[in-house]
Amino acid sequence: MEASNKTLLLDENVINAAVANIAQAVISEFSPEKASQLVFIGIHKRGVMFARRLVKAITEKTGTEPHLGTLDITMYRDDIGRRKTLPQIYPTELPFNINDQIIILADDVLQTGRTIRAALDALTDYGRPSLIRLAVLVDRGMREFPIRADYSGKLFQIPREKKIIVKWKELDNEDAVYVSDRVPQAAAEQAPQTENAVKQ
Amino acid sequence: MECTWTRKDLLSIYDLSADEIRMILNTAAEFKKVSERKVKKVPALRGKTVVNLFVEPSTRTRISFELAEQRLSADIINMSTDASSLKKGETLLDTVKNIKSLQVDIVVMRHSASGSPNFLARHLKAGIVNAGDGAHEHPTQALLDIFTMREKKGSIEGLNVSIVGDILHSRVARSNIWGLLKLGAKVTIAGPSTLVPKEFERIGVRVCDRLKDALEGADVINLLRIQHERQRAGFFPSTNEYARVFGLNRETMKYVKPDALIMHPGPINRGVELDSAIADGPQSVILEQVTNGLAVRMAVLFLIGGCIKND
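Order-wise, the sequence lines are chains A and B.
Residue numbering for the first sequence follows numbering that gives the first Met the number 0, starting at 0 and increasing by one per position.
Residue numbering for the second sequence follows numbering that gives the first Met the number 0, starting at 0 and increasing by one per position.
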């Protein structure tokens, strides 16, 4: 079900530039010897694609490929039992030790900050990284937790009535970010949860 | 469209769609990884209370559920036959009313009467998980069996699964049969004709009188525990004869494919339905079933926990 009044926020070129800028910022921040501890972890579902792009950009720029992991935060959500249904759990793949590593946590949209809170709890159950940084493609405002991004592609203040839809070629055949009206509450309760509506 | 879980109870496999079964199995695969971590606990059911109401003796299922609940950070109350007032003559409805007053979130129930979890589900807002009811169903056992088969064989579709033993009284067999048929497996049942109802043919199950026919070509052989009280009730002449005619041993193993899985829900009667050498042999996945049982129960409790309303 496609939401109404969908307008383009970022196109493919802007997304590519944002990825390149963040990759460059990460490279500049960490000296080459520290760069060997860099680990990118994408939050399911669309943060994974973002992390993958960042790893690709860094590999192209430096010639070394940082580790790439995926994280599903469903088991750590703070609204289990408050939601009508639970989203599907995607695989958490962290095939490396995260102890003493520098983690760049990547998500597509930073909104309330609750997903990031859950991700931090999940990560600390896997080990004790030396540093965790947060990279997001879009920061849309609307924060409910004291969390901010260390690297953001684009900053906006988008009102609560609007939602952000991120599309990746691997999943949706295009790279784009849209803003659209939220489905009204009554309709949303009958309709199955869409991918973006489950975003905390 | 991806499947979503919308049930507050897991009462039977019969009720579930193939997609719902797959969703539980996929969720369980992720929970299996949690038990392989150093920190084997997630906060998913933090602040929720689970009652384990076991009105029929059970050790391994209860322990498996209890550990699953602990790993999900739930608070736990155990009520078993020995301790509970049910033994003092309290009716199930009165027990239900007590549970209601305690405001628990999930009840895991084992009962000798078929349908008692359904009774509970009708009277309680809490989520109900059937941990075995009479000869009706044992959904989490079937889910862990199917999870193990899928993990080892890749897919359930087209798999030849033979269930051998006392099908008539077995809730494990019923739940397995429903689940396997929904996922596209070919199911064969075998055992003494007094314990293997021909009626199962009507739902697409192959019924065999001879063990050999059930073993040949099977990808999975699930052996059921043969209960001695059935022999006393005259369903078969003697345990020795059962072992000779329907037991899996070195002699009958020659009909079994070398890559077939040998499964058993436990506890095993060594030397009756299954010989020790085979139970401990390379084709046996019996202990992996136990490991997977924990993962499957975590998944079920998690999904149920997501659907109970606490406003």
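Because the hints were derived from the structure by calculation, they are not lab data.
Note that the structure is a prediction, hence the values are computed from the model and not measured.
Take the hints with a grain of salt, since some may be wrong.
Here's a subset of chain B near chain A, in silico, CB distances under 10 Å, partners left out [said to hold, decoys possible]:
1) N25
2) F30
3) A43
4) R149
5) K152
6) L302
In the BS3-like style, the derived pairs of lysine-lysine whose C-alpha atoms are separated by at most 30 Å in a straight line are [as the list claims (entries may be wrong)]:
7) K55/A / K32/B
8) K181/B / K124/B
9) K152/B / K32/B
10) K37/B / K33/A
11) K152/B / K86/B
12) K124/B / K197/B
13) K39/B / K83/A
14) K211/B / K197/B
15) K83/A / K87/B
16) K99/B / K44/A
17) K44/A / K86/B
18) K161/A / K33/A
19) K152/B / K44/A
20) K31/B / K197/B
21) K99/B / K83/A
22) K211/B / K31/B
23) K166/A / K153/A
24) K83/A / K151/B
25) K211/B / K83/A
26) K152/B / K83/A
27) K40/B / K44/A
28) K31/B / K96/B
29) K83/A / K197/B
30) K197/B / K44/A
31) K87/B / K124/B
32) K87/B / K44/A
33) K256/B / K83/A
34) K40/B / K86/B
35) K31/B / K44/A
36) K96/B / K83/A
37) K37/B / K44/A
38) K211/B / K40/B
39) K211/B / K44/A
40) K7/B / K211/B
Quick reminder that beta carbons are idealized off the backbone N, C-alpha and C, glycines included.
Status of each hint after checking the structure:
Hint on N25/B holds. Least Cβ distance to chain A is approximately 7 Å, under the 10 Å limit. Given hint, F30/B at the interface with chain A, holds; its Cβ is 8 Å from that chain's nearest Cβ, closer than 10 Å. Hint status for A43/B relative to chain A: holds, with the closest Cβ pair at about 5 Å, below 10 Å. Because the smallest distance between the Cβ of R149/B and any Cβ of chain A comes to about 15 Å, over 10 Å, the interface hint for this residue is violated.
Taking 10 Å as the C-beta contact cut-off toward chain A, the hint placing K152/B at the interface is violated, the least distance being around 20 Å. Nearest Cβ of chain A to the Cβ of L302/B: about 6 Å, under the 10 Å cut. The hint holds. Between K55/A and K32/B the alpha-carbon distance is near 27 Å, which keeps this suggested pair within the 30 Å criterion. Pair hint K181/B plus K124/B holds up; C-alpha atoms about 29 Å apart against a cutoff of 30 Å.
At roughly 19 Å between alpha-carbon atoms, K152/B and K32/B fall within 30 Å of each other, so this suggested pair holds. At roughly 26 Å between alpha-carbon atoms, K37/B and K33/A fall within 30 Å of each other, so this suggested pair holds. At most 30 Å may separate the alpha-carbon atoms for a hinted pair to count; K152/B and K86/B exceed this at roughly 44 Å. With a C-alpha separation of about 39 Å, the suggested pairing of K124/B with K197/B is violated against the 30 Å cut-off.
Distance check on the hinted pair: K39/B and K83/A sit about 27 Å apart at the alpha-carbon level, within 30 Å; holds. Taken as a hint, the K211/B and K197/B pair is honoured in the structure, with Cα atoms around 18 Å apart against an allowance of 30 Å. Between K83/A and K87/B, the direct Cα distance comes to roughly 40 Å. Violation of the 30 Å bound is thereby established for this hinted pair. Taking the CA atoms of K99/B and K44/A, the gap is near 38 Å; set against the 30 Å cutoff, the hint is violated.
With a C-alpha separation of about 50 Å, the suggested pairing of K44/A with K86/B is violated against the 30 Å cut-off. For the given pair, K161/A sits about 40 Å from K33/A by alpha-carbon distance, which is inconsistent with the 30 Å threshold. At roughly 28 Å between alpha-carbon atoms, K152/B and K44/A fall within 30 Å of each other, so this suggested pair holds. Restraint check for K31/B and K197/B: not satisfied, since their Cα atoms lie roughly 37 Å apart, outside the 30 Å limit.
Between K99/B and K83/A, the direct Cα distance comes to roughly 22 Å. Compliance with the 30 Å bound is thereby established for this hinted pair. This hinted pair does not check out: K211/B and K31/B have alpha carbons roughly 35 Å apart, beyond 30 Å. For the hint linking K166/A to K153/A, the alpha-carbon distance of about 15 Å falls within 30 Å, and the restraint holds. Proximity of K83/A to K151/B is assessed by CA-CA distance (about 34 Å); at most 30 Å being required, the pair is judged violated.
A threshold of 30 Å between alpha carbons decides the hint, and for K211/B with K83/A the separation of about 50 Å lies outside it, so the pair is violated. Of the pairs offered as hints, the one joining K152/B and K83/A is violated, with about 34 Å between alpha carbons and a cut-off of 30 Å exceeded. Restraint check for K40/B and K44/A: the C-alpha separation of about 23 Å stays at or below 30 Å, so the hint holds. Distance check on the hinted pair: K31/B and K96/B sit about 35 Å apart at the alpha-carbon level, beyond 30 Å; violated.
Distance hint between K83/A and K197/B is unfulfilled; the C-alpha atoms sit about 42 Å from each other, more than 30 Å. As the CA atoms of K197/B and K44/A are separated by approximately 48 Å, the hinted pair breaks the 30 Å bound. A distance of roughly 26 Å separates the Cα atoms of K87/B and K124/B; the hinted pair therefore holds under the 30 Å criterion. Between the alpha carbons of K87/B and K44/A the distance comes to roughly 53 Å, so the proposed pair goes past 30 Å and is violated.
A threshold of 30 Å between alpha carbons decides the hint, and for K256/B with K83/A the separation of about 46 Å lies outside it, so the pair is violated. Restraint check for K40/B and K86/B: not satisfied, since their Cα atoms lie roughly 35 Å apart, outside the 30 Å limit. With a C-alpha separation of about 20 Å, the suggested pair K31/B and K44/A falls inside the 30 Å cut-off, and the hint holds. This hinted pair checks out: K96/B and K83/A have alpha carbons roughly 26 Å apart, not beyond 30 Å.
A distance of roughly 25 Å separates the Cα atoms of K37/B and K44/A; the hinted pair therefore holds under the 30 Å criterion. Among the hinted pairs, K211/B with K40/B is inconsistent with the structure: their alpha-carbon atoms are about 45 Å apart, more than 30 Å. Restraint check: the Cα-Cα separation between K211/B and K44/A comes to about 49 Å, which exceeds 30 Å; the hinted pair is violated. Restraint check: the Cα-Cα separation between K7/B and K211/B comes to about 42 Å, which exceeds 30 Å; the hinted pair is violated.
Against the hints set out earlier in the document, violations occur for numbers 4, 5, 11, 12, 15, 16, 17, 18, 20, 22, 24, 25, 26, 28, 29, 30, 32, 33, 34, 38, 39, 40.
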